[in-house]
Structures are given as structure tokens and as C-alpha cells.
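Place chains B, C and D on chain A using the hints.
Protein chains: 4
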Amino acid sequence: MGSGAFTLALVLALSTCVTPVERKCQLSGLWRNEQDSLMEISALDDDGGFQGEYLTRVTLAGGCTRISPLRGAQQQPSEVAWPTFAFTIWWNTFSNATTAFAGQCFVDASGREMLSTMWMLREAVGSLEEDWKATRVGRNVFTRKRTPKGKILHSLSPPCEDAALPVL
Amino acid sequence: MGSGAFTLALVLALSTCVTPVERKCQLSGLWRNEQDSLMEISALDDDGGFQGEYLTRVTLAGGCTRISPLRGAQQQPSEVAWPTFAFTIWWNTFSNATTAFAGQCFVDASGREMLSTMWMLREAVGSLEEDWKATRVGRNVFTRKRTPKGKILHSLSPPCEDAALPVL
Amino acid sequence: MGSGAFTLALVLALSTCVTPVERKCQLSGLWRNEQDSLMEISALDDDGGFQGEYLTRVTLAGGCTRISPLRGAQQQPSEVAWPTFAFTIWWNTFSNATTAFAGQCFVDASGREMLSTMWMLREAVGSLEEDWKATRVGRNVFTRKRTPKGKILHSLSPPCEDAALPVL
Amino acid sequence: MGSGAFTLALVLALSTCVTPVERKCQLSGLWRNEQDSLMEISALDDDGGFQGEYLTRVTLAGGCTRISPLRGAQQQPSEVAWPTFAFTIWWNTFSNATTAFAGQCFVDASGREMLSTMWMLREAVGSLEEDWKATRVGRNVFTRKRTPKGKILHSLSPPCEDAALPVL
Numbered sequence: 001m002g003s004g005a006f007t008l009a010l011v012l013a014l015s016t017c018v019t020p021v022e023r024k025c026q027l028s029g030l031w032r033n034e035q036d037s038l039m040e041i042s043a044l045d046d047d048g049g050f051q052g053e054y055l056t057r058v059t060l061a062g063g064c065t066r067i068s069p070l071r072g073a074q075q076q077p078s079e080v081a082w083p084t085f086a087f088t089i090w091w092n093t094f095s096n097a098t099t100a101f102a103g104q105c106f107v108d109a110s111g112r113e114m115l116s117t118m119w120m121l122r123e124a125v126g127s128l129e130e131d132w133k134a135t136r137v138g139r140n141v142f143t144r145k146r147t148p149k150g151k152i153l154h155s156l157s158p159p160c161e162d163a164a165l166p167v168l
Numbered sequence: 001m002g003s004g005a006f007t008l009a010l011v012l013a014l015s016t017c018v019t020p021v022e023r024k025c026q027l028s029g030l031w032r033n034e035q036d037s038l039m040e041i042s043a044l045d046d047d048g049g050f051q052g053e054y055l056t057r058v059t060l061a062g063g064c065t066r067i068s069p070l071r072g073a074q075q076q077p078s079e080v081a082w083p084t085f086a087f088t089i090w091w092n093t094f095s096n097a098t099t100a101f102a103g104q105c106f107v108d109a110s111g112r113e114m115l116s117t118m119w120m121l122r123e124a125v126g127s128l129e130e131d132w133k134a135t136r137v138g139r140n141v142f143t144r145k146r147t148p149k150g151k152i153l154h155s156l157s158p159p160c161e162d163a164a165l166p167v168l
Numbered sequence: 001m002g003s004g005a006f007t008l009a010l011v012l013a014l015s016t017c018v019t020p021v022e023r024k025c026q027l028s029g030l031w032r033n034e035q036d037s038l039m040e041i042s043a044l045d046d047d048g049g050f051q052g053e054y055l056t057r058v059t060l061a062g063g064c065t066r067i068s069p070l071r072g073a074q075q076q077p078s079e080v081a082w083p084t085f086a087f088t089i090w091w092n093t094f095s096n097a098t099t100a101f102a103g104q105c106f107v108d109a110s111g112r113e114m115l116s117t118m119w120m121l122r123e124a125v126g127s128l129e130e131d132w133k134a135t136r137v138g139r140n141v142f143t144r145k146r147t148p149k150g151k152i153l154h155s156l157s158p159p160c161e162d163a164a165l166p167v168l
Numbered sequence: 001m002g003s004g005a006f007t008l009a010l011v012l013a014l015s016t017c018v019t020p021v022e023r024k025c026q027l028s029g030l031w032r033n034e035q036d037s038l039m040e041i042s043a044l045d046d047d048g049g050f051q052g053e054y055l056t057r058v059t060l061a062g063g064c065t066r067i068s069p070l071r072g073a074q075q076q077p078s079e080v081a082w083p084t085f086a087f088t089i090w091w092n093t094f095s096n097a098t099t100a101f102a103g104q105c106f107v108d109a110s111g112r113e114m115l116s117t118m119w120m121l122r123e124a125v126g127s128l129e130e131d132w133k134a135t136r137v138g139r140n141v142f143t144r145k146r147t148p149k150g151k152i153l154h155s156l157s158p159p160c161e162d163a164a165l166p167v168l
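Residue numbers (full-length UniProt numbering), protein chains in the order written: chain A, 1 to 168; chain B, 1 to 168; chain C, 1 to 168; chain D, 1 to 168.
Derived by calculation from the structure, the hints in this document are not laboratory data.
Warning: the hint list may mix true and false statements.
Same chains, same label: a pair holds when it works inside one copy or across any pair of copies.
What the hints assert, rightly or not - Derived EDC-like pairs: lysine to aspartate or glutamate, alpha-carbon spacing no greater than 16 angstroms straight-line:
1. K145 - E123
2. K133 - E123
3. K133 - E34
So here's chain A without its partners, still in its complex pose (with noise of 0.2 angstroms):
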């Protein structure tokens, strides 16, 4: 066999060796989304769940806003490469709404990883008769924010005294 010959099977091996079909897609670490906000996920359990924090930009009232908890989980962790997830976050300190997000995390042909989701906001109504109208629902894109880890939200989020309406 010529030299030519065996360079190409070396580099078809290798190809097929450094050519994952799929990437996997990791929940951790720190995301923003179209509106500047901003996303913590800790490190996953075992059976997927996770822990965040939250910051957001936007609120329904204006007014200024606060690190708020989250909690979620992922499906499949370990078998998929883009798995679907879904978590909750409190906005208790300021609003009486709760919000839930579903999607999947994605990585694009460049490598980029991206967490497309839906959310629904709902807001407190004071009787059956106002439930119609509680819910509202949108979609955000969250891309991976590359910065030093750690607490980072911490350090970012603004002094606050005002109290503010439901947020996202």
C-alpha cells in the first residue's frame, strides 16, 4: 500500500474519530437571553434536577428587581445529546406571579450552544371570574454567556428598594 494510499485512511479514521454527529448540549453555567437577562444553572443531579438564579430586565410594571431563585430539571440526562428541560422561578420577594419555562438545549452548526424555550407568566387574580386572563406566554433564546464562573449574578444585580410587578 502507497504512502498516499495510507494517509488517506489515516485521515478518514481520524475524521470519523474527531467528527461527533452531535455534541452534547450542558444545562451548567451562565445564559443571557434577547432582553439582557440573565440565567445561572448549577451543576445537574443525578436524576437531572437542577438550581439557579435569575435575573431579569424586563417586569410587567416597570420598576427594579432582584435575584430571584430557580429550580428545574432535565430529561434523560445522560442518554441524550439535547436534552429538554424545564424549571420554575420564584419572583416572591416582589410579585405574587410565578413563571414556568420548557425547551430544549441546542448546538448549532458552529458549536454554539442555545436554549430555546417558551414561558408562561401567570399573574395572582382576585376571583374565578379574572382566572381568563392570568396567563400570558412568549419565547426566549438564551445564549451561553462566557464569563468567569462562580456567583457571578451576585455581583451583578443592581441595589433595589421599589417594589415591582411580575417579571420575566
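Structure of chains B, C and D alone, referenced to chain A:
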């Protein structure tokens, strides 16, 4: 004024004091929705967090289901009579899909509790091009199921061998 | 052929005629939903298009409402027993919001028709930054209201002077 | 005061008058969304009603698509710079599903028009028991496509023999 009249006035005054305008709605316990799916919510943590289990009666593809864990949070746990809440369900043993609910706990005029919720069901898709179609939306109303408490869902879950697609 | 066999054949033939597998669901007519809002849908065009009128009982901000025109379409009008449909409502005299419904017409086991719908209510916002919060979502089930047909909604509409915010 | 200063003052005054804070957003014309689907909206009626055509690039089941008619309405057509609107699409030649969009027309800081919309896609199901899973939800942003106007969608539509399931 006679002692009878005085007693009557006292009773009236007290009953006014001890009759709250709104009876507080409690998330914990066993609930059933229109599709006969069952949900059991644990006692709440100090911060409003809760865990539970969900036994669905419906699936996207038919097939049998298993009890699935859920995790969520209630807003402002101690201050609000009719709190909002959100939770997510792991269907991990039989699906790469995930579900998030958001809703509010109400007590109607007859004292009956109900959970008015909306949900999103996110399916896994194989590429970003298919992302647009991955999210379904719907509504569920849960009423309290009066049964002996405990790990009752486990006794209600049928034996199950089949794989099944995402569920609600 | 004996008379027994003849009778059997006759019974089979008749039962085939009088037992439709699915009774066809008709969109046209007067409908009422859980909130007591009323809707009247005209006869359908050849291509499935229809017009109608909507009288809501609920508004985002309270206040009185007026009969509003609606316009929509039914899919595959002649071939399907339980067609899907969608329509939009103009709230133009009292709101800069708009509503779209999508649903399916069913006939239940007892022959009762119902429209199972979901809707989106889009409010106007003043800037792109507020766009995220502009869409609400919900569900409505309509049942047929048995009343003399015609321009009945007009006789049911209360006199109305106030401006009111978007409605369903 | 010299004539130069007077002219300047006049120009300033006029420019204040003739520079609207918000450029009016026009629905009519040709639009394209993130998935490269195309939409052509006709001129509006006096009451805000419009017709048009939609050429989707994505379907639930894959397969080819055809140009589909749409019909809708814009709120308060003459008074609002950034009107809300809603419309429905007939997929009648290739699907028993239906789609409703609701959104708002914006002009961004650089004068570029966009339609921010959310949609529901309702599939037909065979029974009330399956009704819960029939509605999908998503978001689309359309930007104006600069091309010669007219029946341009017809020249862009590929020849198509296959049947295809519901689309967006």
C-alpha cells in the same frame, strides 16, 4: 341590656372576626384533573418549594405510563390566600419530553378548592429546524380528591411494560 | 330466502342507514362559552369562510362592551365530520387589542355539539421592549345556545357608553 | 431678528411638526419570517380587513406545500401607528389543521418594519379524549421582503404532488 342580648351581640362580633373573607387554599394533598390524571403534592417547604408525584392518564402516543416525580414552588407562601404556583414533571422513564404547569389555587363560593392551571408540553426534536413545532399548550383544572392520604399514587399505578411517548 | 333471513338483512340495511359513525358538526348558529360570552356564526361560504358577531362578557379592564365582528375559516368544509377552524375578532370600537381563536367542532356521545377552542389575546404595546408581555393565552369551550336564530346578538347587547380595554 | 435666524426658527418649527415620533407601520406587502416562509398581505379594507397568501417552508410531517389563502383584520386602522392584527390561514388542500396568528406591526429605530407574532396551530383529532394535545404554540417575526410587488408568491411556489400534514 339583658345578658341574652349581650351574649348575642358578643357571638355576632366574634363570628365577624373569625370569618375570613377568603378561605386559604392549600396546595398539598391529592388532586385530580378532567382527564382523571392524579397528582399528589407534598407539604411545602418554608420557602414555598414542594415535591410530589404525577400519574397521567393520557399520552401523546398512547401506551402505559408510570408515576413521575414533580417539583415546584408556590409564591409568597404565608401571605396570600389564593397563591400562584408552578411546577415541572420528569417523564424520564418513558419520554424525552417535559412539561411545565403554572396556575393559581382558588376556593369557590361553596368552599371547594380548585387549581386552575395552564401547561406547556415540550417534545424533543432532532434539529433546530424542527424547533418551531415542539411546544404544545393546554389547560387543566384540578379538584381535590378526598381519599386517605399517603403514598396513594403508588397503589393506583398500573403495572406497565410498554414504552410510551410524552404525556400530560 | 326465508323471512328470518330477509328480516335480518333488512335490519342490517336500516341500521347502516340510521347509525352514522360520526354526526357532522356544524359551525353556523349561536354559541355560548363558560363566561357567558355569545357568538353567532353565519352560514359558511363554499371555501369554508365565515363571518359572525361576538358579544363578550369579560374585559381586561372591566367596562362595557359592544358586539364585535368576527371573520374566520373552517378547514375542508365538506369532507370532515369534526372540522377545525380559526377566526379573529375586531374589538375596534373599544380597544387596540386583537384576538385569534383556533379550535375544533365536536359532537359528544349524547349528540351535543361543542367547540373546543384556545385563544390568544394580543394587546398593543408602545415599544418593542414591551413586546414580550403582549400575548395572553387561554381556553374556551362553546356549546350551542338554543334560541330563535337571526340577529339575536343585537337584542342582547346592553347600551354602552364607556370605553373598555381589550376583551375576550 | 435677521431673516436667516427667522428661516432657521421656521425650519425648526416645521420639522418638529412634520417629523412624527412614530413612523406608521403598514401591513400590506410581502413579508418573510425566520423559517423563510413568505406571506403577502393585500391592501386593507376600510374596516381593517385584509386578505393574502401564505407559502410555508415548514410542515409537521415534512412534504411539499402549496400557497394557502389567509384572511384577517387590523385594529383601529387609521388611528394607530403600530397596529395589532390577527389572521387565519386555510391549509385546506393538504391538511385538516388550521393556524391563527396574532401580533403587532413595529417600526424599529432604523426605520425597519417588523411583525412580531405568536401563533397557534390546531390539529384535528379523532375524539374529545385527544383534544388536550391538539394545540401547538410558537412565535414568528416577519420582516419586509423587498421585491417587485404583485402575485409574486405564485412564481415562488414549487410544483407539488405529495400530501403533507399541517404546516406553519
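Right, here's what the structure says about each hint:
1. K145 - E123: neither (29 angstroms within a copy, 25 angstroms between copies)
2. K133 - E123: Intra 9 angstroms, inter 12 angstroms, cutoff 16 angstroms: intra and inter.
3. K133 - E34: So K133 and E34 pass the 16 angstroms test across copies only (14 angstroms; inside, 25 angstroms).
Comparing the model with each numbered hint stated earlier shows that hint 1 is the single one that does not hold.
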